[in-house]
Amino acid sequence: MIELQNVCRTFTVGDQQVAALRDINLRLDAGEYISIMGPSGSGKSTMLNMLGLLDRPTSGTYLLDGGNVSDLNDEQQARVRREKIGFVFQSFHLVPRLTAAQNVELPMILAGIPAEERRARVQELMQNYGLADRADHKPDQLSGGQRQRVAIARATVMNPTVLLADEPTGNLDRNTGWEVLKLLEGLLERGITLVLVTHDAEIGARAQRCIHMLDGRIRSDERQAG
Amino acid sequence: MKLADTIRFASGSLRGSPTRTLLMMLAMSIGVAAVVVLTALGEGARRYVIDQFSSLGTNLVIVLPGRTETAGVGPGLMSGQTPREITLEDAQALLRSHAVKRFAPLTVGSATLSRDALNREVVVLGSTSDLLEVRHMAIALGRFLPAGDINDATPVCVLGNQMKRELFGNEQAVGQWVRLGDRRFRVIGVLASQGESMGMRTDELVIIPVAAAHQLFNTSGLFRVLIEAKNRDAIEQVVRDAEAIMTERHGGERDVTVITQDAVLQTFDRILTALTMAVGGIAAISLAVAGVLIMNVMLIAVAQRIREIGLLKALGAPGRQIRHLFFAEAVLLSGIGSVAGLVLGYTGSFIIGQVYPMLPVSPPWWAVLAACATALGTGVLFSVWPARRAARLDPVAALAGK
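Those sequence lines, one after another, are chains A and B.
Residues 0 to 225 (numbering that gives the first Met the number 0) are what the first sequence spells out, left to right.
Residues 0 to 401 (numbering that gives the first Met the number 0) are what the second sequence spells out, left to right.
So that you can see chain A by itself, here it is in the shape it has in the complex:
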C-alpha cells in the first residue's frame, strides 16, 4: 500500500549536491512492522520524512494507497498527513503551553472535528494510555515516558494507517523505552503500519522487517519469521 519508485532526494549544501536518498524502491504492506536502521547520515530520517510527506522527492514517485501523492499540492498533502499518517518524534514535540489533553486534541482541531467528539475521543485515549490523571498537566510537569505516551496518543488520535516513529525511545531510559515500544507495538493489533527509525540494533531486531540503509541506499531488507 506504500510504494516508493526510484525515489531520489538531493540537497544542495553550498554549491555541492548531496544525495540523501539514491534510487529507492520500496514497498510496504498494510499492517507491517518495519524498522529502518543505519548510521547517521545514511538517509533513514530523510526516508521517514519522505514517507510522512514532510519532504518531496527530487525525482521518483510515491504511491500511497494506490494514489500518487508526490504530485499533490500543499493543501492536499496536509490532508493526507492529517488523515493517514501519525508521527512520533524522538524529542516528543509537545506544545509546551498546552496541557496533555490539549496536545492530544490538536490534530482533531486542525481537522475541524466538533468539540464534543474531540473531548470524548481524547478522554478515551488518555484512559487507554494510562494518562487519565495527567490530562491537565503541562508537558514540563510530565516524565519523559509520559510525554512520549502523550505524543503517541496524539499521533493515533486521528486513526492513521501509518505510524512513523523517529527514534521514539532515543530520549528515554531503558525501562521507559521498552514500555513505549510495547505501546507502539500494541498498535499493530489494530492493523496500523508501524515504521520505526532507530540505530539501536536490539530494538530494530524486534520488527518483522528490518531495512538497513547506508549512503542513501537500501543495503539490506530482511524479513523475519515471527
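One should not assume that every hint holds.
Below 27 Å or equal to it, Euclidean Cα-Cα: the simulated DSS-like pairs (lysine-lysine) are [to be verified]:
{"hint": "1", "chain 1": "B", "residue 1": "K401", "chain 2": "A", "residue 2": "K137"}
{"hint": "2", "chain 1": "B", "residue 1": "K100", "chain 2": "B", "residue 2": "K229"}
{"hint": "3", "chain 1": "A", "residue 1": "K181", "chain 2": "A", "residue 2": "K137"}
{"hint": "4", "chain 1": "B", "residue 1": "K1", "chain 2": "A", "residue 2": "K137"}
FYI, nobody ran anything at the bench for these hints, they're computed from the structure.
Dock chain B against the given chain A, drawing on the hints supplied.
This is chain B only, laid out in the frame that chain A set:
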C-alpha cells in the same frame, strides 16, 4: 479548522508569552488613544470657537462701512475718497427688507466713566433696545435700553457687570447717576456677567442709546449695523437686500461691506476641522509605528515558535491554516489593543474635559472609527509577511528548529 478553534488557539499562543503580548497591545492602545485624545481636543477647540460665534447672536448679518477687497487696493483709496459713513437713516432703511427680523446699530467709542471721585476709561456702545436680542445679552438688574424713537438721546445707560462693581461695589446702582465724558446718565440696568465674547468683554461695557452716543462722540456714522435675519435661509436674502439698499442710498456706489456670521463660522469650521484631521493623522502615524512593532515581534514569534509550526505542519496543517493562525493573532492583538486604546482615550478626554471645563471635549465618531480601522488594518497588514513566512517554512527544517 473551525473559526472558534482558530481564535482559541491564537489567543492561547498570545497568552503563552504575556509580556510580548502586553507590550504590543500597549503600543497599539497608545496609538488609538492618541488619535482619540488629539481629535477630541481638536473637535473641542472647533466647537468652542463655534459656540463663541453663536453667542454673538444667531443668523447674524453685519454691515460695516467701507468696501473691503480681499485683493489689491480698495476703490476708495484709488480714487482718493473715504467711504461714506452709514447713518441711522441708512440703518432704518434696512428694515425695508422682508428678510430682516430686527437690527441693532452700533457706535463705539471710549469715554471716561465717573462717579464722584471714582473714574475709569470705558468702551461705550451706542445702540438700541434690540441689541439685547440680537447679541443674546442678558440683564441682571433693572432693564435694558428703552424701545422708542431711535433718534431720542435719552440720558440713560446700562452698565457691564464689572463696571457696576467697580463704581458701586455692593451698593444699589440702578437709579443712580454717573458721568460719561461731560454728560450725565442715569443707570437703568446692569448686564449679567457673560465673560468674554469674541474679543469684547461685555462685563466692561457701558451701553447708551445710539443717539446719545452720537452726541457724546460728536459723530453721525455707525461703526456696524447688526442685522438678525428672520431665519437661516433668509441670510442670503438679507445680504442681497442690505447691499442693494445701501448702494441705492449711497448714490449707486457700493461702499459697504456685508459679512455674514455664517461665512466667518464656516471658515473657522473648515480650518479647525482640517486641524483636527491633521492632528489625528499625526497620531495615526503612531499606529503605523505600532504596526511595524507588531510585524517585528511577529517575525520573532515565527522564529521562536518554529518547532511548533513544524509540528502543526506534520500534524496536517496546510500553509493556509498556519497563515490564518498568525492572522488571528494579529487581529486579536490589534482588536484588544484598540478597545484598550478607546477606553484610555475616552478616559483621557474625560480628564481633559474636567481640567478645562470650557472646552467641549469629545472625540468625533469618524476619528474613533478611523483609529480602530487603522489599528486593525495595520495589525493585519503588518502580519502578512510574518504569516507568509511561517506558512512557507519547510516542515523538516522547522521541526529541527532550523
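- Give me the numbers of the hints this structure contradicts, sorted from smallest to largest. none
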